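Fit chain C to the given chain V structure using the hints.
For the record, the sequence lines run as chains V and C.
Following our numbering, the numbering of the first sequence begins with 1 at its first residue and continues without gaps.
Following our numbering, the numbering of the second sequence begins with 1001 at its first residue and continues without gaps.
Among the hints, erroneous ones may be present.
Said to hold, decoys possible - Some chain C residues judged to face chain V by a derived CB distance under 7 Å, without partners named:
#1 K1014
#2 L1017
#3 L1038
#4 L1041
#5 M1042
#6 N1045
#7 E1046
Unchecked claim - Restraint-style ranges between C-beta atoms, simulated for each label pair:
#8 C:E1079 to V:I178: 41 to 51 Å
#9 V:D134 to C:E1079: 56 to 66 Å
#10 V:R474 to C:V1053: 50 to 60 Å
#11 C:N1071 to V:N160: 46 to 56 Å
#12 V:R483 to C:A1034: 41 to 51 Å
#13 C:E1079 to V:G285: 52 to 62 Å
#14 C:A1034 to V:I178: 45 to 55 Å
These aren't lab readings, by the way, just hints derived from the structure by calculation.
Nothing here was measured: the structure is a model prediction, and the numbers come from that model.
For every residue, glycine included, the Cβ atom is placed at its ideal position computed from N, Cα and C.
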Amino acid sequence: MSCRSGKSMDNRSKLEDILKEVRQEPAYLNYWNAYRRIQRLTLSDVEAPEEKKVRIAILSSFTVEPLVMYIDVDCRLLGLCPETYVSSFNQYSQEILNENSQLYSFSPDMVIMTIRAESLLGDEFLADFPRLSDEDRKGHQTEVIRHLVNLISKLESQTNAFILVSNFVVPWFSPLGILDGKVGLGLREFFQRLNRSIEDLYKQSRQVYVFDLEGLAGRHGKAECVNYEMYYRGAFAFSETFLPTVADQYMSYIKALKNLSRKCITLDLDNVLWGGILGEDGFDGIRLGEDPTGRAYADLQRLLLAYYNRGVILAVNSKNNRDEALKVIEEHPNMILRGRHFAAIRINWKDKVENMIELADELNIGLDSMVFVDDSPQERERMKQALPQVLVPDLPKSPFQYLKALQQIGDFNTLVLSEEDKRRGEMYYAKKRRRDLMESMSSIEDFLRSLDMRVEIKLADSFTVPRITSLINRTNQFNLTTRRYNQAEVELMCSRPDDFQTYSMKVSDRFGDEGIVGVAIIHREVDKWVIDSFLLSCRVIGRTVETALLAKIAEDARNSGASVLIGEYIPTKKNSPARSFYSDHGFEVLGEEENIVRWKLDFSKTTVKTPEWVRVTYD
Amino acid sequence: MTSSEEKLREIAAKVLLLQGSEVNDNISRKDTEAWDSLAHLMLINETEATFEVSFSDDDILEINSIGDLRNKLRKLGVET
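Isolated chain C, as found in the complex:
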């Protein structure tokens, strides 16, 4: 596991109230009770701050799962 991957896993776990081991690409916004609009902003903000990137408004709307988040990060040059 890369350290970037660990960081993303920690953010997702803490924001979405999951165990680290439960975090995977299929965790989706509609199936995760704790992933409300505030949690969404929190997830975005913590990811941006940790990886020093900035998501566009469209990116933010299109992130509906951890897999999406990882893809958007890759687009910005961050491999996790």
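Isolated chain V, as found in the complex:
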């Protein structure tokens, strides 16, 4: 539980009770009931940790309360403390354009804008459409785009919030009927082009994202997206059956925004990667690729491969005979996934919960980053009970339905996807091989020498800033100060080289290229350099590359005439791996103030040397 205030322990447990009901039966009526009851609790969120708070403003041309209630309750089910703001009915334009409006004083983290095309095009548009000239139709398009862009630009200039703009649902009905695609600019094409333009306009934006309402409506069935009784009675734009789908998609963005995305799927083998029981059916008897059931399993593997290729880590957690199962993975002619796709493997007869904890430990990721896929309802229930942080999706009984179930998981999203992210699977596999090598070596120095490590250190530039920003915001363990900066802030520091110096470090070795895995931000003062931030991706912890980066900083500091290098350590729940970093490198402690421990390296006495087994290049 994270929403709390010291005085309202009582409300905290009430909130848990309310949420329990929705969790058990996520029906529309239960969401309503939960939302309204939660509103009546006086939840003071002052003590909630910053990373759990989220302020969401919702601007729309219709009654949006049902959507708000889903988003609010879904956020709380995730342990977030949402605050929502809804524009007064159909007043979204005024609120966006007026710099003193309540919208801006609310200071949202996220602005959701969802406007029905009807309210922009006017009530007569559809009736008039068949007789409008192409010229007029294009004029309407331009007008809609101009209106939206005007509003979005204002939002961009007035707030740093993440802006999520809905596209338009392409109507399934056209008065032109079967000729809609034959006329110059038909009704469907009118909306398709509108959507295309909006998406193109914001493709490069890091602040504005387009919410694909059209795609969701198609998935749900356009004829079922509106409940007309409620639409005419109360301007409700989404039917109660469509709402959960819409809310889920908004939650995918919120999870990405709040760093709640999952990183790893752990997979059972029998009746998950293939049909049948290996121990009973044997290598030649399992179903994979050949018959209808086997083709469904092969497609499921292809989906998992697609997830792997976008940066989701795969692992195995299965009760089986290890050697037999590995033989299938490596040698079965129809396997899509092979050993190199799995970052870690637990195939044994142990408790799966125990395996799960070991996997998280081996991969060095939190249990709250993991998804457990298993066909056995008993195993799933046991996992949910023992490790509630792990996401355990329900699998349908029929293997033909598995694909859909796994496609619906909206928990792997990130707001940016770098080349490094996409190659995460390879990196984890390389790590596994590195660990095997370490176990075969007699000393850690021999191991480090045999890795053939190369490090490339350079100052941040426009190509590396996105990755640097992502590391600054995602690194928790080896992070000396855990100061978070957004891309604009990093860019600002890069534009002031006399005051700041931002370093990035790339690491590679005989097993592969890790890409940029280290970042340091230096605040330059007249005779001293202060290390504002110093962080290392957990992928490369234990390979002494941090020493190489620190050595480079010390060298640059000395060359620029500084006499001391100052380091800071701010302890958090997660960053104990970095605690002794400065003392390990010869810094003397200066003292502690407001939870910040300050360290000093005096160049007249000592400096930092690059480890002999790391080859460093500077750019």
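Here is chain C on its own, set in the frame of chain V:
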């Protein structure tokens, strides 16, 4: 208690934030804080969906208590 009665009781309780045992015909719109205009629409919609009926605009305006709701349902052939 008939199952229709139970269903209506559950809807009213959940929409109006009452305990099931608190729901009776005298629960009225003007005395129930949670029964605002949005809750009213919610009550109507859930009742319609559950009993597969459709209220007229006039019906909706005339429903001011749970008793009224029950009467309108009876008019549409649903006994609760």
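Inset, instruction - Would you pick out the hints that fail for this structure and give their numbers low to high? - result: Nothing - there is no hint that the structure violates, so all of them hold.
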